[in-house]
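Line by line, the protein sequences are chains A and B.
Going by the working numbering, the letters in the first sequence line up with residues 1 to 187, in that order.
Going by the working numbering, the letters in the second sequence line up with residues 1001 to 1457, in that order.
No wet-lab data here; the hints were simulated from the structure.
Below, simulated SDA-like cross-link-like pairs (lysine to any residue); rule was C-alpha separation at most 25 angstroms, straight line:
id: 1; chain 1: B; residue 1: LYS1012; chain 2: A; residue 2: LEU127
id: 2; chain 1: A; residue 1: LYS160; chain 2: B; residue 2: ALA1008
id: 3; chain 1: B; residue 1: LYS1012; chain 2: A; residue 2: ASP125
id: 4; chain 1: B; residue 1: LYS1149; chain 2: B; residue 2: PHE1214
id: 5; chain 1: B; residue 1: LYS1012; chain 2: A; residue 2: ASP130
id: 6; chain 1: B; residue 1: LYS1012; chain 2: A; residue 2: LEU143
id: 7; chain 1: B; residue 1: LYS1284; chain 2: B; residue 2: GLY1185
id: 8; chain 1: B; residue 1: LYS1012; chain 2: A; residue 2: GLN147
id: 9; chain 1: B; residue 1: LYS1012; chain 2: A; residue 2: HIS165
id: 10; chain 1: A; residue 1: LYS160; chain 2: B; residue 2: TRP1014
id: 11; chain 1: A; residue 1: LYS172; chain 2: A; residue 2: ASP130
id: 12; chain 1: B; residue 1: LYS1265; chain 2: B; residue 2: ASP1221
id: 13; chain 1: A; residue 1: LYS160; chain 2: A; residue 2: ALA126
id: 14; chain 1: B; residue 1: LYS1012; chain 2: A; residue 2: PRO144
id: 15; chain 1: B; residue 1: LYS1149; chain 2: A; residue 2: THR46
id: 16; chain 1: B; residue 1: LYS1284; chain 2: B; residue 2: PHE1257
id: 17; chain 1: A; residue 1: LYS29; chain 2: A; residue 2: GLU146
id: 18; chain 1: B; residue 1: LYS1012; chain 2: A; residue 2: ARG117
id: 19; chain 1: B; residue 1: LYS1012; chain 2: A; residue 2: THR175
id: 20; chain 1: A; residue 1: LYS29; chain 2: A; residue 2: ARG64
id: 21; chain 1: B; residue 1: LYS1284; chain 2: B; residue 2: GLY1430
id: 22; chain 1: B; residue 1: LYS1012; chain 2: A; residue 2: ASP116
id: 23; chain 1: A; residue 1: LYS29; chain 2: B; residue 2: SER1019
id: 24; chain 1: B; residue 1: LYS1149; chain 2: A; residue 2: GLU47
id: 25; chain 1: B; residue 1: LYS1149; chain 2: A; residue 2: ASN109
id: 26; chain 1: A; residue 1: LYS160; chain 2: B; residue 2: LYS1012
id: 27; chain 1: A; residue 1: LYS160; chain 2: A; residue 2: SER122
id: 28; chain 1: A; residue 1: LYS172; chain 2: B; residue 2: LYS1012
id: 29; chain 1: A; residue 1: LYS160; chain 2: A; residue 2: GLN131
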Amino acid sequence: MLVDSQTDHMTELESDDRRDTEFAGLCDKSIRRAYGLAGYLLGDPTEAEDAVQETMARAWSSRRTLRDRHVFDAWLDRILVNVCRDHLRRRRVVQIVDLETGGELEAHNPFREFLDRDELGSALDALTPDQRILIVLRFWLDLPLEQISERLSWPLGTVKSRLHHSLATMCKRLTAGEERELPEVAP
Amino acid sequence: MKGEGFEAWLWKRWRDAPSPEPSSRLWLAVASDRRDHDQARARGHRMANLAWGLPGRRVRLAGLVGLALVVVVAATGLVIVTGRLPAQNGAKASTLVPSAVSSPSVRTSIAGISWHASATVPLTAQEPHVTSAGGRLFMVGTNWGEGTKTELFSSADAVNWQPVSFDAAIGSGFSAAAISDDGSGGLLVVGQDVVNGGHTVSPTIWHSSDGLTFARAQVEDSPGAMIDAAASRAGEMVAVGWHRDPNGISTMVDLWFSTDAVSWKHQVLPGASGCMGPDITIWKGEFMVVCDDAEKTAVWASVNGRDWQKSGVNLGEFVPKEVLPVGDRVVLLGYLPDMNVGPIPVSRSSLDGLTWAEAHTGAVEPAFRFNAAAVVDGEIVAVMGSGQVDDTTDRPRISISIDGIGWTDMPTDDALPAGYFNASVTAFDGRAVLAISNYDATGAVMAGVRVFVGDLR
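Full structure from sequences and hints, please.
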């Protein structure tokens, strides 16, 4: 009986190791995608990496709570969105100041470059954190409303409603009512 | 504007949004966090990084911020850890001995350090590394925000710094982790090439005999390996680094040995599974590698840099991050993880590599952590910082010790800037040279690296 018990224990440990390895693989495969999502949510590559790292740490510590690997993406997105929401809410502006000139040093920021190609960036900046999350999930991640609902733990109706208000806010910002046309988008 | 048209515009607008690649540091940090978590859990602690609250914790993988040690007022709680050196792999022997049996310590032979500003070096990186070689000072740093651009400056007096056309020679993509002398008056810059958007790293060493022209060394590859440090004496050079296995969880320590700085032969450090961020030094004629491995055995030694033996020293919970030879002692700087107060800065000191005295302070300040250290004129000069990248008010704290057991912390020095961020320190002409990149009082990152010279008095 003792031998059987030990064997069972070893089998259980080996099984845990295998599951951990699989889970780490899932996380690693998701880093690029998570980084992109965080980047457009936060608009800053450094903050995005911080958020992804924090997300992955939380995910690892909670890996036993994920029972179905098929919903891994939604599960991870939910953690990431929560982390990014926290970042957005406590955001502080940190500037690089040149000691000699007092000017700013611009670091390469591919997210900002894309957003600032026209006034999309400033329109996103006008949104609340939740509105911004909604827009990025919808238009960058290309998620159906139902999946957004899953990730944000909001009822579908709430998603629709908030999306409507978010779009209205952005549209107003971009076009200043009916006085301006939307910027051209390259075909 | 009508909603439907606006949505259509947004779809088009987002259609060509790029998918930027994260840096390699992120991948490494994620793997590191997994390991920290599992180790902390195994040791009965909750998640180390979260407990520590390090918003800039990725930085520690690149170098020094994660090093923890010492705002040590007095050597309280002194213990002795003994082991066998050398020993067969896997053999362990450790003993905790009350502090009463430890040798008496002498904290320091100096009254203090007078710091004065000497220069601002236009290095764009926020993590400078300084060293001296061939009678000159060198400062290197990698700016990750500009396509992994590494810059190098040199100075003969710590006041006047000239750029070395290092970046022009190597192009972009090289990330420097450390610089050190080659044992013959030349300079080694070690680190890794970062390619493919940061997903591929390869160990890289640049060498210069004169500090002006650099040649890329032939380094035997170890896929995914990063080089952290090097130690050299005339005709024998050893670089140390680590890589993770394909599953992203376990890690191995890599060593590279060279006699000419041109060709570096690779080997895996035996019995070092689970190690990351090892350090290396030369002490009493032997190369010594320290690292926190899965078995908590943290010291390896080699008389020739090629044949390595793992010691039987079990350092328990202690996580060594840096090793320094000082006088006839070897001193490990690191920390003890603690779920309540965060990492407790700790040093370990030994006369023989077998028996280790541990020193830690009663005035634990977990928010502070070791940032850099060097031996200057027989004294360990340790630079402490908060480790919090958004800290805008505190100043670097300097602790000194002659033996790694008794520590004296210096009064806060107004000559050093508030808003501490990152630092590197080295010995030069009997003085300490401290390089600091930092935030100002408004939270902005100051451009350039400020250099301070410290006179021991």
